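The sequence shown begins at 271 in the working numbering and counts up by one.
Rather than coming from a laboratory, the hints here were simulated on the basis of the structure. Check the hints yourself; a few may be wrong.
[What the hints assert, rightly or not] Taking CB as the label site, the calculated pair distances span: (1) Asp597 / Glu429: 36 to 42 Å; (2) Ala541 / Pro389: 50 to 56 Å; (3) Asp539 / Ala459: 45 to 51 Å; (4) Asn591 / Asp506: 24 to 30 Å; (5) Asp539 / Ala458: 48 to 54 Å.
The model shown is predicted, which means the values in this text are computed figures rather than measured ones. Cβ atoms here follow ideal geometry from the backbone N, Cα and C, with glycine treated the same way.
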Amino acid sequence: MGPSARFRIACVVGAAATAALTSCGERPLPATYVGDAAVASVADQLRDEGRVAYYLGQEADGNALTHLARVTENGPEFQFWASYGTCRHEDDGCAEPVTTNTTDWRPDVTGVWCRRLEPQLGVPAGEIMGELTLFTERLQVSVVHLGDREGEGGGEGVEHAIALLTTLRPVGGTQAVTSLPPPDAEVAAWVDGLCGTAPGQVVDHPMEDVGEAPDDTHVPDFTVPRLGGGELAWADYREAPVVIAVGGLEQVMGALRRLAPIIADSPSDVALLGLVAELDEPKGMPRPVTELEREAGPLPAPVGHAGVLIPAIWFMDGAANLGSVPDAMDSGLIAFVDPSGRVVDYAPMGASDRALRELADDLG
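The whole structure should be built from the sequences, with the hints applied where relevant.
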(Lines of atoms letter the chains of each structure in order from A; the text may use other names.)
(Lines give C-alpha, C1' and ligand atoms only; values in the text may rest on other atoms or scores of the structure.)
Protein backbone atom coordinates (compact mmCIF):
# COMPACT_ATOMS: atom_id res chain seq x y z
CA MET A 271 0.00 0.00 0.00
CA GLY A 272 1.50 3.33 -1.05
CA PRO A 273 1.70 6.29 1.34
CA SER A 274 -0.88 8.33 -0.56
CA ALA A 275 -3.33 5.44 -0.63
CA ARG A 276 -2.78 4.80 3.08
CA PHE A 277 -3.49 8.47 3.83
CA ARG A 278 -6.70 8.41 1.83
CA ILE A 279 -7.87 5.26 3.64
CA ALA A 280 -7.08 6.78 7.02
CA CYS A 281 -9.08 9.85 6.06
CA VAL A 282 -12.03 7.85 4.82
CA VAL A 283 -12.35 4.77 6.96
CA GLY A 284 -9.83 5.24 9.78
CA ALA A 285 -7.08 2.87 10.85
CA ALA A 286 -8.12 0.13 13.25
CA ALA A 287 -7.08 2.05 16.33
CA THR A 288 -7.50 5.57 15.01
CA ALA A 289 -11.09 5.81 13.88
CA ALA A 290 -12.34 9.35 14.41
CA LEU A 291 -15.67 10.54 13.06
CA THR A 292 -14.43 12.83 10.30
CA SER A 293 -15.57 13.77 6.85
CA CYS A 294 -13.27 14.28 3.90
CA GLY A 295 -15.96 16.35 2.19
CA GLU A 296 -17.09 19.93 2.59
CA ARG A 297 -20.42 19.49 4.38
CA PRO A 298 -20.35 20.80 7.95
CA LEU A 299 -22.76 19.34 10.47
CA PRO A 300 -25.29 21.66 12.16
CA ALA A 301 -24.01 23.08 15.43
CA THR A 302 -27.22 22.41 17.35
CA TYR A 303 -27.95 19.74 19.94
CA VAL A 304 -29.55 16.67 18.38
CA GLY A 305 -32.17 16.54 21.14
CA ASP A 306 -33.13 14.27 24.00
CA ALA A 307 -35.36 12.13 21.76
CA ALA A 308 -32.44 11.23 19.49
CA VAL A 309 -30.26 10.28 22.46
CA ALA A 310 -33.08 8.21 23.99
CA SER A 311 -33.62 6.37 20.70
CA VAL A 312 -29.98 5.30 20.48
CA ALA A 313 -29.95 4.42 24.19
CA ASP A 314 -33.00 2.18 23.69
CA GLN A 315 -31.32 0.44 20.75
CA LEU A 316 -28.18 -0.22 22.78
CA ARG A 317 -30.23 -1.47 25.71
CA ASP A 318 -32.17 -3.87 23.47
CA GLU A 319 -28.85 -5.26 22.21
CA GLY A 320 -27.43 -5.60 25.70
CA ARG A 321 -24.68 -3.16 24.72
CA VAL A 322 -23.07 -0.19 26.44
CA ALA A 323 -21.45 2.76 24.70
CA TYR A 324 -20.01 5.98 26.04
CA TYR A 325 -20.24 9.65 25.13
CA LEU A 326 -19.72 13.04 26.80
CA GLY A 327 -23.31 14.17 27.37
CA GLN A 328 -25.09 17.04 25.63
CA GLU A 329 -21.99 19.23 25.38
CA ALA A 330 -18.22 18.84 25.28
CA ASP A 331 -15.82 21.75 25.69
CA GLY A 332 -18.52 24.22 24.64
CA ASN A 333 -19.60 22.19 21.60
CA ALA A 334 -23.11 20.80 21.32
CA LEU A 335 -23.71 17.12 20.60
CA THR A 336 -24.50 17.27 16.89
CA HIS A 337 -24.67 13.60 15.95
CA LEU A 338 -24.75 10.16 17.53
CA ALA A 339 -25.39 6.78 15.98
CA ARG A 340 -25.22 3.08 16.63
CA VAL A 341 -23.61 2.05 13.34
CA THR A 342 -25.25 -1.13 12.09
CA GLU A 343 -25.10 -1.00 8.29
CA ASN A 344 -22.44 -3.54 7.36
CA GLY A 345 -20.58 -2.85 10.59
CA PRO A 346 -17.80 -5.44 10.92
CA GLU A 347 -18.16 -5.14 14.69
CA PHE A 348 -19.93 -3.15 17.36
CA GLN A 349 -19.59 0.57 16.65
CA PHE A 350 -21.00 3.70 18.26
CA TRP A 351 -20.08 7.24 17.21
CA ALA A 352 -20.79 10.70 18.61
CA SER A 353 -19.57 14.09 17.47
CA TYR A 354 -19.69 17.58 18.94
CA GLY A 355 -19.76 20.92 17.16
CA THR A 356 -19.49 21.99 13.56
CA CYS A 357 -16.68 20.46 11.57
CA ARG A 358 -13.74 22.70 10.81
CA HIS A 359 -12.40 22.98 7.27
CA GLU A 360 -8.66 22.50 7.12
CA ASP A 361 -6.09 21.67 4.48
CA ASP A 362 -6.56 17.95 5.15
CA GLY A 363 -10.35 17.89 5.27
CA CYS A 364 -13.13 18.53 7.72
CA ALA A 365 -13.13 17.37 11.37
CA GLU A 366 -15.50 17.96 14.24
CA PRO A 367 -13.93 19.63 17.31
CA VAL A 368 -14.72 16.65 19.57
CA THR A 369 -15.62 13.05 18.74
CA THR A 370 -16.05 9.86 20.73
CA ASN A 371 -16.45 6.27 19.67
CA THR A 372 -17.00 2.91 21.33
CA THR A 373 -16.09 -0.24 19.43
CA ASP A 374 -15.42 -3.89 20.09
CA TRP A 375 -11.82 -4.59 21.08
CA ARG A 376 -9.83 -5.39 17.93
CA PRO A 377 -6.64 -7.39 18.50
CA ASP A 378 -5.44 -7.20 14.88
CA VAL A 379 -3.98 -3.68 15.03
CA THR A 380 -0.76 -3.29 13.03
CA GLY A 381 1.15 -0.40 11.56
CA VAL A 382 0.46 1.89 14.54
CA TRP A 383 2.30 3.36 17.51
CA CYS A 384 1.04 3.67 21.06
CA ARG A 385 2.20 5.72 24.05
CA ARG A 386 1.19 4.18 27.36
CA LEU A 387 -0.65 6.60 29.64
CA GLU A 388 -1.47 6.61 33.30
CA PRO A 389 -4.72 4.71 33.92
CA GLN A 390 -7.81 6.79 33.21
CA LEU A 391 -11.08 6.14 35.03
CA GLY A 392 -9.41 3.10 36.56
CA VAL A 393 -8.64 1.29 33.30
CA PRO A 394 -5.62 1.00 30.96
CA ALA A 395 -5.23 3.90 28.55
CA GLY A 396 -2.99 4.72 25.62
CA GLU A 397 -2.41 7.41 23.06
CA ILE A 398 -2.79 5.44 19.85
CA MET A 399 -1.73 7.33 16.75
CA GLY A 400 -2.51 10.58 18.57
CA GLU A 401 -5.91 9.52 19.94
CA LEU A 402 -6.88 8.79 23.54
CA THR A 403 -8.14 5.22 23.89
CA LEU A 404 -9.39 3.47 27.03
CA PHE A 405 -9.90 -0.29 27.38
CA THR A 406 -12.85 -1.56 29.40
CA GLU A 407 -14.21 -5.12 29.43
CA ARG A 408 -13.78 -6.06 25.73
CA LEU A 409 -14.38 -2.56 24.41
CA GLN A 410 -12.25 0.33 23.17
CA VAL A 411 -13.47 3.82 24.05
CA SER A 412 -11.79 6.70 22.23
CA VAL A 413 -12.09 10.43 22.81
CA VAL A 414 -10.60 12.85 20.29
CA HIS A 415 -10.20 16.60 20.78
CA LEU A 416 -9.15 18.54 17.70
CA GLY A 417 -7.02 20.79 19.90
CA ASP A 418 -4.64 17.90 20.50
CA ARG A 419 -4.11 17.66 16.74
CA GLU A 420 -3.90 21.38 16.03
CA GLY A 421 -1.14 21.98 18.53
CA GLU A 422 -3.11 24.16 20.96
CA GLY A 423 -1.43 24.45 24.33
CA GLY A 424 1.76 22.90 23.01
CA GLY A 425 0.01 20.14 21.09
CA GLU A 426 1.78 17.36 22.98
CA GLY A 427 -0.12 14.22 23.86
CA VAL A 428 -3.86 14.04 24.40
CA GLU A 429 -4.34 16.38 27.35
CA HIS A 430 -7.44 18.04 25.88
CA ALA A 431 -9.11 14.66 25.43
CA ILE A 432 -8.14 13.51 28.93
CA ALA A 433 -9.73 16.63 30.40
CA LEU A 434 -13.05 15.67 28.77
CA LEU A 435 -13.22 12.34 30.63
CA THR A 436 -14.83 14.10 33.60
CA THR A 437 -18.13 14.02 31.67
CA LEU A 438 -17.85 10.55 30.10
CA ARG A 439 -21.00 8.51 30.67
CA PRO A 440 -23.00 5.64 29.15
CA VAL A 441 -25.41 6.68 26.43
CA GLY A 442 -28.69 7.26 28.23
CA GLY A 443 -27.00 7.86 31.57
CA THR A 444 -27.43 11.13 33.43
CA GLN A 445 -24.26 10.99 35.54
CA ALA A 446 -20.63 10.90 34.53
CA VAL A 447 -18.75 7.74 35.49
CA THR A 448 -15.98 7.84 38.06
CA SER A 449 -14.57 4.50 36.91
CA LEU A 450 -15.05 1.98 34.13
CA PRO A 451 -15.26 -1.82 34.40
CA PRO A 452 -11.74 -3.30 34.10
CA PRO A 453 -10.71 -5.03 30.87
CA ASP A 454 -10.69 -8.81 30.86
CA ALA A 455 -7.34 -10.53 31.22
CA GLU A 456 -6.80 -11.10 27.50
CA VAL A 457 -7.40 -7.46 26.65
CA ALA A 458 -5.22 -6.20 29.53
CA ALA A 459 -2.30 -8.38 28.42
CA TRP A 460 -2.73 -7.23 24.83
CA VAL A 461 -2.62 -3.56 25.86
CA ASP A 462 0.71 -4.21 27.61
CA GLY A 463 2.08 -5.54 24.35
CA LEU A 464 0.62 -2.77 22.23
CA CYS A 465 1.52 0.21 24.42
CA GLY A 466 4.14 -1.05 26.86
CA THR A 467 3.72 -1.31 30.60
CA ALA A 468 5.23 1.96 31.88
CA PRO A 469 3.46 5.33 31.47
CA GLY A 470 5.29 7.35 28.85
CA GLN A 471 6.64 4.30 27.04
CA VAL A 472 6.11 4.40 23.27
CA VAL A 473 5.87 1.19 21.28
CA ASP A 474 5.96 1.25 17.49
CA HIS A 475 4.40 -1.54 15.45
CA PRO A 476 5.61 -1.00 11.87
CA MET A 477 4.05 -2.95 9.07
CA GLU A 478 7.37 -4.75 8.53
CA ASP A 479 6.87 -6.55 11.84
CA VAL A 480 3.59 -8.11 10.81
CA GLY A 481 5.30 -11.18 9.39
CA GLU A 482 4.10 -12.71 6.18
CA ALA A 483 2.72 -10.05 3.86
CA PRO A 484 -1.09 -10.08 3.61
CA ASP A 485 -2.63 -11.41 0.43
CA ASP A 486 -3.68 -8.38 -1.56
CA THR A 487 -4.70 -10.29 -4.68
CA HIS A 488 -7.64 -12.40 -3.49
CA VAL A 489 -10.85 -10.61 -2.60
CA PRO A 490 -11.59 -10.91 1.15
CA ASP A 491 -15.04 -11.98 2.26
CA PHE A 492 -17.55 -9.21 2.78
CA THR A 493 -21.29 -8.90 3.19
CA VAL A 494 -23.12 -5.63 2.53
CA PRO A 495 -26.74 -4.53 2.26
CA ARG A 496 -28.14 -5.01 -1.21
CA LEU A 497 -30.15 -2.43 -3.09
CA GLY A 498 -33.60 -3.89 -3.50
CA GLY A 499 -33.41 -5.81 -0.23
CA GLY A 500 -31.37 -8.54 1.40
CA GLU A 501 -27.60 -8.77 1.35
CA LEU A 502 -24.84 -9.08 -1.19
CA ALA A 503 -22.33 -11.62 0.12
CA TRP A 504 -19.07 -12.24 -1.68
CA ALA A 505 -19.16 -15.84 -0.46
CA ASP A 506 -22.12 -16.46 -2.79
CA TYR A 507 -19.89 -15.84 -5.81
CA ARG A 508 -17.03 -18.16 -4.98
CA GLU A 509 -15.90 -20.51 -7.73
CA ALA A 510 -17.34 -18.22 -10.40
CA PRO A 511 -15.71 -15.46 -12.45
CA VAL A 512 -16.98 -12.04 -11.43
CA VAL A 513 -16.88 -8.56 -12.92
CA ILE A 514 -17.57 -5.97 -10.24
CA ALA A 515 -17.92 -2.20 -10.64
CA VAL A 516 -16.83 -0.26 -7.54
CA GLY A 517 -17.34 3.45 -6.91
CA GLY A 518 -19.98 6.08 -6.28
CA LEU A 519 -23.61 5.38 -7.13
CA GLU A 520 -23.57 7.25 -10.44
CA GLN A 521 -20.24 5.69 -11.44
CA VAL A 522 -21.39 2.16 -10.63
CA MET A 523 -24.77 2.46 -12.33
CA GLY A 524 -23.19 3.88 -15.47
CA ALA A 525 -20.63 1.07 -15.58
CA LEU A 526 -23.22 -1.65 -15.00
CA ARG A 527 -25.43 -0.37 -17.81
CA ARG A 528 -22.44 -0.56 -20.16
CA LEU A 529 -21.28 -3.92 -18.85
CA ALA A 530 -24.64 -5.73 -18.83
CA PRO A 531 -24.84 -6.30 -22.63
CA ILE A 532 -21.11 -7.02 -22.82
CA ILE A 533 -21.38 -9.72 -20.15
CA ALA A 534 -24.54 -11.13 -21.71
CA ASP A 535 -22.71 -11.63 -25.02
CA SER A 536 -19.57 -13.07 -23.43
CA PRO A 537 -18.89 -16.79 -23.94
CA SER A 538 -17.69 -16.90 -20.32
CA ASP A 539 -20.25 -17.55 -17.58
CA VAL A 540 -19.47 -14.34 -15.71
CA ALA A 541 -21.38 -12.79 -12.81
CA LEU A 542 -21.84 -9.01 -12.86
CA LEU A 543 -22.00 -7.05 -9.59
CA GLY A 544 -21.85 -3.49 -8.34
CA LEU A 545 -20.47 -2.15 -5.06
CA VAL A 546 -21.44 1.42 -4.15
CA ALA A 547 -19.14 3.38 -1.84
CA GLU A 548 -19.75 7.08 -1.23
CA LEU A 549 -16.44 8.36 0.03
CA ASP A 550 -17.71 11.90 0.57
CA GLU A 551 -20.23 10.83 3.20
CA PRO A 552 -19.27 11.46 6.86
CA LYS A 553 -17.82 8.34 8.43
CA GLY A 554 -20.39 6.39 10.39
CA MET A 555 -23.28 8.11 8.61
CA PRO A 556 -23.94 6.26 5.33
CA ARG A 557 -27.00 7.18 3.33
CA PRO A 558 -29.97 4.82 3.71
CA VAL A 559 -30.14 2.07 1.13
CA THR A 560 -33.70 3.11 0.26
CA GLU A 561 -32.42 6.55 -0.79
CA LEU A 562 -29.81 4.97 -3.04
CA GLU A 563 -32.45 2.69 -4.54
CA ARG A 564 -34.62 5.66 -5.51
CA GLU A 565 -31.69 7.38 -7.21
CA ALA A 566 -30.42 4.25 -8.95
CA GLY A 567 -33.65 3.24 -10.65
CA PRO A 568 -33.73 -0.18 -12.36
CA LEU A 569 -30.77 -2.36 -11.43
CA PRO A 570 -29.06 -4.23 -14.28
CA ALA A 571 -27.18 -6.43 -11.79
CA PRO A 572 -26.99 -7.09 -8.03
CA VAL A 573 -25.67 -3.97 -6.29
CA GLY A 574 -24.37 -3.77 -2.72
CA HIS A 575 -23.87 -0.70 -0.56
CA ALA A 576 -20.55 -0.47 1.31
CA GLY A 577 -21.83 1.87 4.02
CA VAL A 578 -18.73 0.87 5.95
CA LEU A 579 -16.20 1.46 3.20
CA ILE A 580 -13.65 -1.26 3.87
CA PRO A 581 -14.67 -3.71 1.08
CA ALA A 582 -14.63 -0.97 -1.55
CA ILE A 583 -11.37 0.50 -0.28
CA TRP A 584 -9.74 -2.93 -0.70
CA PHE A 585 -10.47 -2.85 -4.45
CA MET A 586 -9.51 0.81 -4.83
CA ASP A 587 -6.23 0.40 -3.02
CA GLY A 588 -5.36 -2.70 -5.05
CA ALA A 589 -6.02 -0.87 -8.32
CA ALA A 590 -3.85 2.04 -7.19
CA ASN A 591 -1.03 -0.28 -6.08
CA LEU A 592 -0.92 -1.98 -9.47
CA GLY A 593 -1.10 1.33 -11.29
CA SER A 594 -4.09 0.08 -13.27
CA VAL A 595 -6.41 2.83 -12.00
CA PRO A 596 -4.26 5.24 -9.97
CA ASP A 597 -7.17 7.62 -9.33
CA ALA A 598 -9.62 4.87 -8.34
CA MET A 599 -10.67 6.73 -5.16
CA ASP A 600 -12.14 9.47 -7.35
CA SER A 601 -13.03 7.70 -10.58
CA GLY A 602 -14.14 4.25 -9.45
CA LEU A 603 -12.99 1.03 -11.14
CA ILE A 604 -14.02 -2.26 -12.65
CA ALA A 605 -12.38 -5.41 -11.25
CA PHE A 606 -12.13 -8.74 -13.06
CA VAL A 607 -11.98 -11.66 -10.63
CA ASP A 608 -11.29 -15.28 -11.57
CA PRO A 609 -13.07 -18.30 -10.00
CA SER A 610 -10.39 -18.58 -7.30
CA GLY A 611 -11.23 -15.09 -6.07
CA ARG A 612 -8.04 -13.55 -7.48
CA VAL A 613 -8.27 -10.15 -9.14
CA VAL A 614 -6.88 -10.74 -12.63
CA ASP A 615 -7.06 -7.12 -13.73
CA TYR A 616 -8.58 -3.72 -13.08
CA ALA A 617 -9.98 -1.33 -15.64
CA PRO A 618 -10.99 2.32 -15.35
CA MET A 619 -14.64 3.21 -15.68
CA GLY A 620 -13.86 4.88 -19.01
CA ALA A 621 -12.31 1.79 -20.62
CA SER A 622 -13.56 1.02 -24.11
CA ASP A 623 -16.25 -1.60 -24.67
CA ARG A 624 -13.72 -3.65 -26.61
CA ALA A 625 -11.25 -3.64 -23.70
CA LEU A 626 -13.96 -4.58 -21.23
CA ARG A 627 -15.20 -7.40 -23.48
CA GLU A 628 -11.68 -8.86 -23.83
CA LEU A 629 -11.08 -8.75 -20.08
CA ALA A 630 -14.44 -10.43 -19.38
CA ASP A 631 -13.83 -13.13 -22.01
CA ASP A 632 -10.42 -13.90 -20.54
CA LEU A 633 -12.04 -14.82 -17.19
CA GLY A 634 -13.49 -17.94 -18.78
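A quick look at each hint next to the structure:
At about 39 Å, the CB distance of aspartate 597 to glutamate 429 agrees with the hint of 36 to 42 Å. For alanine 541 paired with proline 389, a C-beta distance near 52 Å keeps the hint of 50 to 56 Å intact. Roughly 50 Å separates the CB atoms of aspartate 539 and alanine 459, a value that falls within the hinted 45 to 51 Å. At roughly 27 Å, the beta carbons of asparagine 591 and aspartate 506 sit within the given window of 24 to 30 Å.
The hinted window of 48 to 54 Å between aspartate 539 and alanine 458 holds, with their beta carbons roughly 52 Å apart.
Checked against the numbered hints given earlier, the structure satisfies every one of them.
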